[in-house]
Structure formats: structure tokens, C-alpha cells
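Residue numbers (the working numbering), protein chains in the order written: chain A, 1347 to 1539; chain Y, 2 to 224.
It cannot be assumed that every hint is accurate.
Computed spacing ranges between beta-carbons, pair by pair [what the hints assert, rightly or not]:
id: 1; chain 1: A; residue 1: R1451; chain 2: Y; residue 2: N28; range: 29 to 37 Å
id: 2; chain 1: A; residue 1: L1348; chain 2: Y; residue 2: L62; range: 38 to 46 Å
id: 3; chain 1: Y; residue 1: P114; chain 2: A; residue 2: I1412; range: 34 to 42 Å
id: 4; chain 1: Y; residue 1: G122; chain 2: A; residue 2: A1480; range: 50 to 58 Å
id: 5; chain 1: A; residue 1: D1487; chain 2: Y; residue 2: S8; range: 53 to 61 Å
id: 6; chain 1: Y; residue 1: L62; chain 2: A; residue 2: D1508; range: 24 to 32 Å
id: 7; chain 1: A; residue 1: Q1352; chain 2: Y; residue 2: Q132; range: 50 to 58 Å
id: 8; chain 1: Y; residue 1: L34; chain 2: A; residue 2: E1490; range: 54 to 62 Å
id: 9; chain 1: Y; residue 1: P127; chain 2: A; residue 2: Q1350; range: 44 to 52 Å
id: 10; chain 1: Y; residue 1: S8; chain 2: A; residue 2: Q1352; range: 19 to 27 Å
The set of hints was computed from the structure by calculation and includes no laboratory data.
Owing to the predicted nature of the structure, the values given are computational and were not obtained by experimental measurement.
All residues carry an ideal CB built from backbone N, CA and C; glycine is no exception.
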Amino acid sequence: MLEQYQQAIEQYRQRVYSFAHYSLRAREDAEDITQEVFIKLWQNWQKIDHEKLNAWLMRVAHNAVIDLVRRRKNPAEQIDDYAEPEDQATTSEEASAKVDQEAFREELMSSICALDDPFRSIIIMRDVQGMSYADIQHTLDMSESQVKVYLHRARRRLRESDVLRNRFEQLSGTANPAARREVQMKVVKPAAD
Amino acid sequence: MSSNNESQCYFVQLQFDSFLDGELTGNQQEAFLQHVNSCAECAHEFRYAQTIQDGLMDLPLQDCSEEALAPLRDLAQGAAPKNTDSASASGSWLSDLAQWLGAAPMGLRYAFPVLLLAAIGLITVPQFLEQEQGTGGAPAIAANQPSATGTAPATTPVQYSPEDVAQALRDLTTALEYLNQAGQRTESMVGGRFLINPLQNRLNASFDRVRDNVRSEIAGEEI
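Extracted from the complex, chain A is given alone in its bound form (with noise of 0.2 Å):
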């Protein structure tokens, strides 16, 4: 058992780590998830069906991220370890058309850190992990078509950020606010959900 544990959190510690990780964008938060998911699995281990460890790790890795979430409330409480996004955008704007990619990717996480759950956890699992639909299902309690729903709103409320937005008109340099406002409009005028 010693062996397997061992081989099972050096199998999944990257996997529980970056979900911990990005959902809370917090270097502590997600280790202190990560050492509880794992503890979590050292006390179970023997009621556990491992054929479904991964769903298992992370369905226990996104409860304690949402009790992470709920138990802090108060914004003051939390602990940001990333540039902030506002001082970035400023910076780039002054500098140059060039876009950083690294600022992108940095708008990005922070993007998916502030959309709500399940959004939030969805995007990770299937975009960010590439997790399949199987496991997402038995991680979330959801049916495929839930899944698949969620994933569609929480891709459109990504676009719909105008930290993004912006960021990827200065990398693309075809800012173009009017045309933008019309393909926005677009996008969100159907509100098929």
C-alpha cells in the first residue's frame, strides 16, 4: 500500500496542485489543498475504487476549493501571488504593440480565477488538463450534457472579458473598439442558456 500511495501522488500531485492552483491562484492555498487531497486519500485509501482514483482526487481537490472559496469571503483575506492585472495592461498599452505572451497567459489565469464555480473548475478540468468528459462527470456529479453546457458558458464568459478583450487587440493590433462592440453584441445577444 506505502508503494502505491506513493506512486499514486507522484501520478497526481501536478494534476490536484494545478487545479488547486488555478482555481485560487494562491501558491499556499494550493499546497495546503494538495496535502490535504492527499492525507484525504492516505485515510480512505482502502474504501476508495481506485479505477476511479483521478475523478476521486479531484472531486475531493474542487470540495476543498470551494471551502477554501466560502471560508474567505472577505477579499481582504486572500492571498494573491500574481502581477496585477490593471498595472500590466497600463504597461503594455505604453510600451508597445508587441503583446507579451507572458501577460496574456497571466490575464488568462487570472480570468479563470474569477469566474464561479462550476465554471471555474470545468475550464481547468477539460481546457486547462484535458481531463475527459467520464471524469469530469464522476468529479462533478454532473450528466455529459451538464458538462458539456457548462463548459460552452464558462468559454463564453472568457471572451466576454474585457481585460482579454483587450489584451488580445493589442496582440493581434487590430484594435478595433467599434467592430468589437458589434461582434460582442453578437455573441452575447442569443442567450441560448
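We have chain A already, so just place chain Y on it with the hints.
Below, chain Y without anything else, positioned relative to chain A:
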């Protein structure tokens, strides 16, 4: 922009995710690409969606520091986690013992309670036997004491000095003498009452006198 193109743009932009996920059929893909290549606004929006999607997929898997994983390795090797906020992880020693037993091989898992019971027995049984032996091995003088119930007294026996024994023997002698004197008296039922011997002797003497008188009177008459 005509309303026809507008509706086409609307439906094409709804298909962005399906196209990026490869869920469109061949014909749908062809129609999609045809519109995107001919519509600058949809092409721009599609590049934006694709950029975000590529950015999401390019986000690296991040790794936890070894320092954060150290308590987990300690846990796996049988030691308690050193630094964790989890309440369940900092459970009592009983839960730690249960975890350790749960992780132990089957033989050891059952052998441990048996050994624990044997150890408790080895400690407690000799003490119990010693106590039992102490109550059964009391001095003879105490064992010979009469008991109302016939069972051994629960309290520890009283130790008597030789003086106490001599006094008890003197008291016993006095009691026996009294019983001998009392035994010399006999009781007689006279007129519904028990009478002791001295009184009976006097009564007998009276009867004797009466009897003698009666005999003398009879003799006198005969004369």
C-alpha cells in the same frame, strides 16, 4: 451588414466551441470555414476564441513543492504528518493506531489485539491470584473462628496476643462452671409453672412431712 449575414454570423459564432473541439461533421466544418474566411468580423472573433483556447491548452501543469509534500511522505512511511492544518490528520493516537493497523498485513492486524490481551492478562492475573492467596492463608486462630454464614470472612483476620488468648480461656472456664451449676438444677412442672430444683426440694420435703403425718394418723387410728 444584412440581416441574413448577421444571422449567419450569429450561428457561426455559436459553433466556435464545436469547431475547436472537432465536433462538427465534414459538411459543417466546410460551411463554417467558408463563412469565417469570407467574414472579417467572424474571422476576428474566431481568432480571439482560438487564441483563448490555445492559451488554455498551453497553460502548464504546475507542480507542488517537495517541501509541501514532505508531510505526505512522512505519513506514508508511518510517521505522523508534521505540519498540516487538517483536523482529520491531527487525530488522536487511537486513529493513528487504527490507520497503522489498517495498513498492516492481515496476520499482524489480528495478532496485535491478541498480544495486547495477553499482555494485559499477564499483568492483572498474578495480582488477582496473589490477592486470593492472601485471603485464604489467614492465621489458624482466625480460620477457627465461627462464622454465622459459614463462609470465609471478607475482612482481614484479627491477630490476638497470648494475653488475649489466656483471658479468653479463663472466661470460657467461668462459663463452663456456670453451665455445670445450672445443669444440676432440674425443672418441674407444678401447677402449670416451671419450678427449679431448690424449690422442688422444699416441696418434696413438705410432701414428705405430709406423707409422714398421714402415715402416723393412720397408724394411730389402727391402734
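> Okay, Y/L62 versus A/D1508 on CB: inside 24 to 32 Å?
Replying inline: At 28 Å between Cβs, range holds.
> If you check the beta carbons of Y/P114 and A/I1412, does the distance land in 34 to 42 Å?
Replying inline: holds (40 Å)
> In this structure, is the beta-carbon distance linking Y/S8 and A/Q1352 contained in 19 to 27 Å?
Replying inline: violated (58 Å)
>> A range of 50 to 58 Å was offered for this pair. Does it hold for the Cβ distance of A/Q1352 and Y/Q132?
In response: holds (52 Å)
>> Is 29 to 37 Å respected by the C-beta to C-beta distance linking A/R1451 and Y/N28?
In response: holds (36 Å)
> Honestly, do A/L1348 and Y/L62 meet the 38 to 46 Å range at C-beta?
Replying inline: violated (25 Å)
>> Can you tell me whether the CB distance of A/D1487 to Y/S8 sits inside 53 to 61 Å?
In response: Cβ of A/D1487 to Cβ of Y/S8: about 37 Å, so the range 53 to 61 Å is violated.
> Does the hinted range 50 to 58 Å hold for Y/G122 and A/A1480 at CB?
Replying inline: Roughly 55 Å apart at Cβ, these two residues keep to the hinted range, so it holds.
>> Just to be sure I understand the hint, the distance between the Cβ atoms of Y/P127 and A/Q1350 should be within 44 to 52 Å; is that true here?
In response: The hint (44 to 52 Å, Cβ to Cβ) holds, given that Y/P127 and A/Q1350 are roughly 45 Å apart.
> Y/L34 and A/E1490, beta-carbon distance inside 54 to 62 Å?
Replying inline: Violated: the Cβ-Cβ distance is about 27 Å, outside 54 to 62 Å.
Hint check: violations occur at hints 2, 5, 8, 10; the rest are consistent with the structure.
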